[in-house]
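Chains B and R, in that order, are what the protein sequence lines are. Quick note: to get my numbering, add 745 to the position in the first sequence (first position is 1). Quick note: to get my numbering, add 461 to the position in the second sequence (first position is 1).
Hints should not be assumed to be uniformly reliable.
[Said to hold, decoys possible] Incomplete in silico selection of chain R near chain B, CB under 10 Å:
(1) Val477
(2) Glu682
(3) Ser732
Note that these hints are calculated values from the structure, not bench results. Cβ coordinates follow ideal geometry from the N, Cα and C atoms, glycine included.
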Amino acid sequence: MNAATTETRPAIPASVMLEHVARARAGDREAFDLIAASVVDRLYSIARLVLRDADLAEDAVQDALVRCWRDLPMLRDDANFDSWVRRLLMNAITDEFRRAGRRRTAISLLRLDPPAPDPAEDVATREQLARGFQRLTLDHRKVLVLRLYLGLSLEETATTLGIPAGTAKSRLHYAIEAMRVALEADARPPIQEVSA
Amino acid sequence: MNAGRDVERLIADWFVEEAVLRAPDRILEDAGRVVDRTKQRRFGAAWRNPFMSAPLRVAAAAVLGVLVLGGALIIFKPWSAPVGGPTSPPPSATPSAEPSPSPSGELVRVLPESGRLEPGRYVSQATAVDVEFTVGSGWTSGGYYVNTDTQSLSFWNVPKVYADACDLGSAADTALGGSVDDLVAALDNQANTDMSSPVEVTIDGHRGVRVELSPSSGRPESCSTLALWTIPDGGPGRQIDPSSGPPDELVEPVWIVDVDGARVVFVAWESKASDHSVIADVIASMTMRKR
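Taking the hints into account, I'd like the entire structure generated from these sequences.
Here it is as structure tokens:
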């Protein structure tokens, strides 16, 4: 499915969002539902990219939303809601990834969405990217998605993952390097046997 | 293929193409059903409270049943065995909740297991040391802790320290002596937490130290909860959830005081935005007496 054709749920303006967060923090369920509807699409797109699996992504997002409701009273600064909820999602993704264990590779291969019709070269590149990404560790996938999909700064990425900025930087470097190697390896012509 | 930017651009473009921009409705529906059954962690200190083990939960339910059926007042404190000393019989009774006069003549109430507190003087009997203190308005009791929305004060009997705060299996091999210095050394050596330099303190004439513990920045990403120490039943005691706030709110001010050879530990947490004089006044009002 190419989701670009599907409408996302309307986002809540930042000032209104702050008000909803404050109300939900005080136990207002209606306000929480509005918040959840406002963030669920973004959380799902992140989870889906990192986990490469629809079911796992749904479970991770659902878990993150429940944790969000449960722990919202402990959020010290409502303005940090976005990074806080991203972090809840990252923890939920880790939990789901572990829970899925060895089954995940088979599942994700089965559930990969069919690619949209593209020129052959683009299709090949997408497949190379998918293979390279699939081989990355969960930590490296997360840092790539946060940095290159969400466009977070290194510091924001580090905060979201609860790691030092230096660690985020080295993970990003490693992940990009691993993807580059994967692309190059796929592009390299097969080794020819040379006979004397 | 060029390294660096070209690969980044390719990956970023691929993410955009691959991204599923609308989540299925069932996520919201399913989450809503779970949320319906989920209580918010309402009080400021709640996320730092120990999780009760299943046997304790059953015991607590039994106690609640007795309270409901018989109207008896039973206070259950599994964490109140003395540290490092002989095991005392479990408290089957029941400190009186009736006010009693302190040496100064002021009325002192035993901390109730739960509920909002009237301003006044209370005694915590959660450890081998009776700790009396005075609170103003806005405080709630959780039995072994009291809190407002922005402060909490919890009392701990610490038999063991986790060698690795991220590993609940790491406490079993950790022997811990009964002195203040023993506990400070164990906390200082704890993996995945950082401890500040100990500051000497005196409370009611008893000497001790104050340290600040915080999650180490180099902890594993998989470490979603840090447990500092156990309670006497072996379960985890004080815990920190790193996702619950910004790093500067995750600092645990731990006071460790020697009262005639008995060690009392309390955590006096306050939000950065709170009125710092409130918890300072509570600590300044403390008197401590070994039972």
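Okay, the hints, checked on the actual structure:
With a least beta-carbon distance of about 7 Å to chain B, the hint placing Val477 (chain R) at the interface is held under the 10 Å criterion. Taken as an interface hint, Glu682 (chain R) checks out: its beta carbon lies about 6 Å from the nearest beta carbon of chain B, inside 10 Å. Here the hint on Ser732 (chain R) is kept, as its CB sits about 6 Å from the closest CB of chain B, short of 10 Å.
Checked against the numbered hints above, the structure violates none of them.
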